[in-house]
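Protein chains in written order, with the numbering used here: chain Z, 60 to 320; chain A, 60 to 320; chain C, 60 to 320; chain H, 60 to 320.
Just so you know, these hints were derived from the structure itself, not from any lab.
One or more hints might be untrue.
Remember, identical chains collapse to one label, so a pair may be satisfied in a single copy or spanning two.
[To be verified] Lysine-lysine pairs mimicking DSBU-like chemistry, simulated, CA-CA at most 35 Å apart:
| id | residue 1 | residue 2 |
| --- | --- | --- |
| 1 | Lys194 | Lys111 |
| 2 | Lys138 | Lys61 |
| 3 | Lys111 | Lys61 |
These numbers were taken from a predicted model, which means no experiment stands behind them.
Number of protein chains: 4
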Amino acid sequence: MKPHLNLNADLGESFGAWRMGDDLAMLQLVQSANIACGFHAGDALVMRQTVKAALQAGVSLGAHPSYPDLQGFGRRALKCSAEEIEAFVLYQLGALDGSARANGARVTHVKPHGALSNEACRDQDLAGAIARAVKAYDARLILLAPALSALAEAGARENLPTALEIYADRAYEDDGQLTPRGEEGAVLRDAQQSLAHVESMLAAGGLTTRFGNILPTPIHSICVHGDGPEAVATARALHARLAQRFALAPLPSLFASGETP
Amino acid sequence: MKPHLNLNADLGESFGAWRMGDDLAMLQLVQSANIACGFHAGDALVMRQTVKAALQAGVSLGAHPSYPDLQGFGRRALKCSAEEIEAFVLYQLGALDGSARANGARVTHVKPHGALSNEACRDQDLAGAIARAVKAYDARLILLAPALSALAEAGARENLPTALEIYADRAYEDDGQLTPRGEEGAVLRDAQQSLAHVESMLAAGGLTTRFGNILPTPIHSICVHGDGPEAVATARALHARLAQRFALAPLPSLFASGETP
Amino acid sequence: MKPHLNLNADLGESFGAWRMGDDLAMLQLVQSANIACGFHAGDALVMRQTVKAALQAGVSLGAHPSYPDLQGFGRRALKCSAEEIEAFVLYQLGALDGSARANGARVTHVKPHGALSNEACRDQDLAGAIARAVKAYDARLILLAPALSALAEAGARENLPTALEIYADRAYEDDGQLTPRGEEGAVLRDAQQSLAHVESMLAAGGLTTRFGNILPTPIHSICVHGDGPEAVATARALHARLAQRFALAPLPSLFASGETP
Amino acid sequence: MKPHLNLNADLGESFGAWRMGDDLAMLQLVQSANIACGFHAGDALVMRQTVKAALQAGVSLGAHPSYPDLQGFGRRALKCSAEEIEAFVLYQLGALDGSARANGARVTHVKPHGALSNEACRDQDLAGAIARAVKAYDARLILLAPALSALAEAGARENLPTALEIYADRAYEDDGQLTPRGEEGAVLRDAQQSLAHVESMLAAGGLTTRFGNILPTPIHSICVHGDGPEAVATARALHARLAQRFALAPLPSLFASGETP
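Between the sequences and the hints, there should be enough to build the whole structure, so can you do that?
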C-alpha cells in the first residue's frame, strides 16, 4: 500500500471584483485548500464559492487566517498582542466555518498566512497564541505548519494534530527557515527544479538546505502555489509524479487512524 | 407559574479604541444579547470580550449581522443581491460563533442590525435570504424578528424557531412598521412612557399603534437600548416591573419545550 | 483645423496585490484618466503610480470618487446624505490631488464612479452635492458627466466647466439613460459595433437610442473601457479612427479657450 | 513683547457613530490641531466638521497621518516600505487638505500619529520618507516633530520648517525618547505635575529626563491631550499659566518671520 501524502495550496484569494489564481485548476491537483478568510483576501462571497468548489472537488477545507491587512495582502508584519492574535484567528476560523457548515461540512485544518505565518515560525509567543486559538475552537482541528518551525512546536505542545509541510518552490536555510525572498535562488521558478527539490526532501526524510545539509523531519504535506500559469504547471507536474508513489489524500485522512502519519 | 418573557439588547458595539454603551450594566438587565460581528461595529477582540461577559452573566448569545458599513454603523441601506446577503450573514454568524465555541458555548439566535433589519422587515426577498442563511448554518438557531414583519414571516416560512419582539421605545404605524425616526413621537425618550407602551402592548396582546389601534401578535421579547445613561435607567425600570409578572429568560428557554412560547 | 475631442478611461483600479486593466496600454490611447481614489479601488500606492504614469503619457488627471465600497467595487447604491456625499468627494479628490501635487501637477477633472454616478445621473440632490463639493474644492475643476444627465445639469447649474461624455460600448434608452446591463444589447462587445455607435452619435450630434431616436447634445468626450484584451482593442480602433478627424486632447485643452468646446 | 509658543492637540479622532475627545473644549485651548485623516480615526465627515470647527476657533490645521489601522487606532507598528509610507502620507495629507480648501483654508502642518510617529522618531529611513512626502506636497508645510527625534532631524535635512514639540504629560529617557508607557511614571496623570514638567523644560531650554538630566533643544510647541475630563482640565491649567508668559500662537505664526522661532 502506498504511503499517504498531501498537497495543499492557498486558494480563495480573489476579492470583490479582483481575481487571483486559478482555483478550479488547483482544486484538481491538491487535496487540501487553505482558504483566505477576509483579512488579507477573500470576501464572504468568495469564501462561500471557494468552499462549494472545494467540497465538489473532494478537497478538505482549511482556514488561512492573516493579520488584518487587505491592502498589503497580509504580507506586512503588524505588532499585535497575543490576545489580539487569538481573537483574529477565532474570528476568521469561525467565519470560514460558517460557509462550511452551511454546506454540511467543517473546516478541518488551519494554516496561518503570510507575515503572520512567517512571524509564528520564529516567535514562540505568537505561535502559542495561534495554537491556543485553534485548540479553543476545536481540539480536533489540524494545524498545518512548516516543518521544524516554532509554529509546529506550538501545535505539538498544545496536543493539536500537527501536519508538517514543505514548500515545493522555496529554498531552505541551515536553520530550517525559508531563504528570504530577496536572496538569489530563494524561489525555484521551474517545475523540474521544484520536482527535484521535493523528491530530494522526501527521499532524505528532511529539509535539504541550499548549503547541502539535511534537517530530518517528518513530511506530511507539500505546499504548492497556484498564481500564474507556470505555478499551475508546476503543481500539475508534482501531482503527476507524486501520485505514482503516494496516496495523495486530504489532511484529515492522514490523521484518521489516530497515529501520526 | 409566571409566563416566560425575554429582554434583548444590542451589545458589543464598541470598536477598537472607541467605546459605546454600558454593556456590563445591560448584561444584568437583559437575558439575550445581540452582539455586533465586525461589519457595523465590534471587532474580533470586542466580540471575544462581549461573549465572555455575556456568558458570565448567563445571557444568551445572538449574532447581530449588518451590511458591511463601519463608518455608517450599518444604518445606510446598501443594494445587495440575495447571494451577497446570505454570504454576509454566514460570515458574521460564524465569526461570532468562533468566540462562542472557544468558550464552550454557542450562538443561539440571530437578529439583523440597522438598515439590514429595516429593509428585511419590508422586503420578502431580503428577509428570505437572511432566514435561509440562518437555517443553512443551523436549523435550530432562533431568528429574533420584529413582530408582524416580513422577516418574521420568512423565519416562519423556513421553519426556524422565530421569536417576535417589540421595541420598548419606538412608536408603531398602523401597518406594524416602526414610525420613522424623523417623525414627531417616533422615539419615546422617557422611562415611564416606555414602560406604559410595553405594558399596553403586553396587555393588548399586540402592537398598539400611535393611532390607537391594536395589531394582534404573540410577543416573546422586548428590545431595550443601552446607549446613554437614560437608556440604562429605562431598561432598569422595565426589568424591575416585568420581573414581577414574568419569568425573564434567555431566548433558548422560551423554545426549549418545543412549543411556541 | 480639426475640432477637439477627448477620450477618457477609468484607470488605477488595481488594489494591493490585485491587478485590474492594462493601464499602460490605455494611457497611450486616452487623453484623460479617471483615477480610482481608494473607496472602490486604488490604494495610495496604486494612485501614486497611476498619477506618475499618466503624467509621463501626457494624460490629464481626474478623480474618480465612489461610495465607500471596496468589496462591491462601488457598484452598489448606498443611501447617504448630501453632507456625506460632499465629504466623500472632497476626501477622495484631495487624496488624489496629494499625489498630483507631489509630482508638480493638479487634478483637473472629476468623474463619479459606478453606483454613485448612476444615482447622480437620475437624482438632482445627489448630483448637486457632488457638483458643490467639486466647486468648493476648486471652481476651475472640470466635471465630466454623461450627456443629458442630472449630473451634467448640476455641473452647469454650479457654473462648473462641464464636459459631456458618451459611452462607446453602451446602448441608450429614449430618456437618455444607459440601457441597464441586464437588458439584451445593453453592452456592445465588438470593436466595429462600438466604432459605428460612436460615429453615429458624433454625426447625429446627439445620443442615438436603441429605438433609433436622436437626443441632441454636445459631445466632448468618449468613455472607453480598458479591462480585458478586447476592450483595449476596441479603444485602439476608436483612437485610430477618431484621430483622423479630431484633435484628441486632454480635457483642460477643450476648456482652455474659455469657450464651451 | 512675549515670546511665541504653541499648544497642539490631536483632534478629530471620532469615527462614524463613535465619539472621542472633547474637541470643542480643546479648540479653545490650543492654537494648532493635528487632525486624524481616516487611517487610524476620523472619517470624511468628521474631518470636514473638525476643519470647520478649527477654522472657526482660529486654530491652524495639521494633518495627522497614520499607518492604515483603524481597529488598532494606529498604535501598532506595521512593517512598510519607504515608498508605501510616502504614498500613505500624501494620501492622508491631500484628503485633509480637501476639506481645508473647500473652506478656503490650507493644511499648514503635518504631525505623524501613534506607531508611525514612534517608529519615525527612531528610524531615519522612515523619518526621511515622511519628510520627503511632506516636502513633495508643499515645501512650505511645517513638520511638527518631537524635539531631538530622528523625525526632527529628517525635517531639518529636507529644509522643511520644523517645529519641535515636547509632551506635557510624558516622562523622557536620557536619550530623548519618551519613557515607554509600560514603565512606572511614564505618563503624568496630574495637571500640577504636567505644569511643573513643562515649566521645568521651558526654563531649562531642553528636555528634562526622569533621571534629572537636561537635553538642550529649542521648544516651539507643547503637545496636550484632550481625551478624558482630566486631560481637558490639564490643558486648561497649562493654557492659563503659559498665556501669562507667552504669546500662544498657531504654528504658521511662529515661522512667519522667516526666522526659526
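Against the structure, the hints:
When the C-alpha separation of Lys194 and Lys111 is checked against a cutoff of 35 Å, the pair qualifies both within a copy, at 25 Å, and between copies, at 17 Å. In this assembly of identical chains, Lys138 and Lys61 lie within 35 Å of each other by CA distance neither inside one copy nor across copies; the values are 44 Å within and 45 Å between. Taking identical chains as interchangeable, the C-alpha atoms of Lys111 and Lys61 lie at most 35 Å apart only when both belong to the same chain, with a minimum of 29 Å there against 47 Å between chains.
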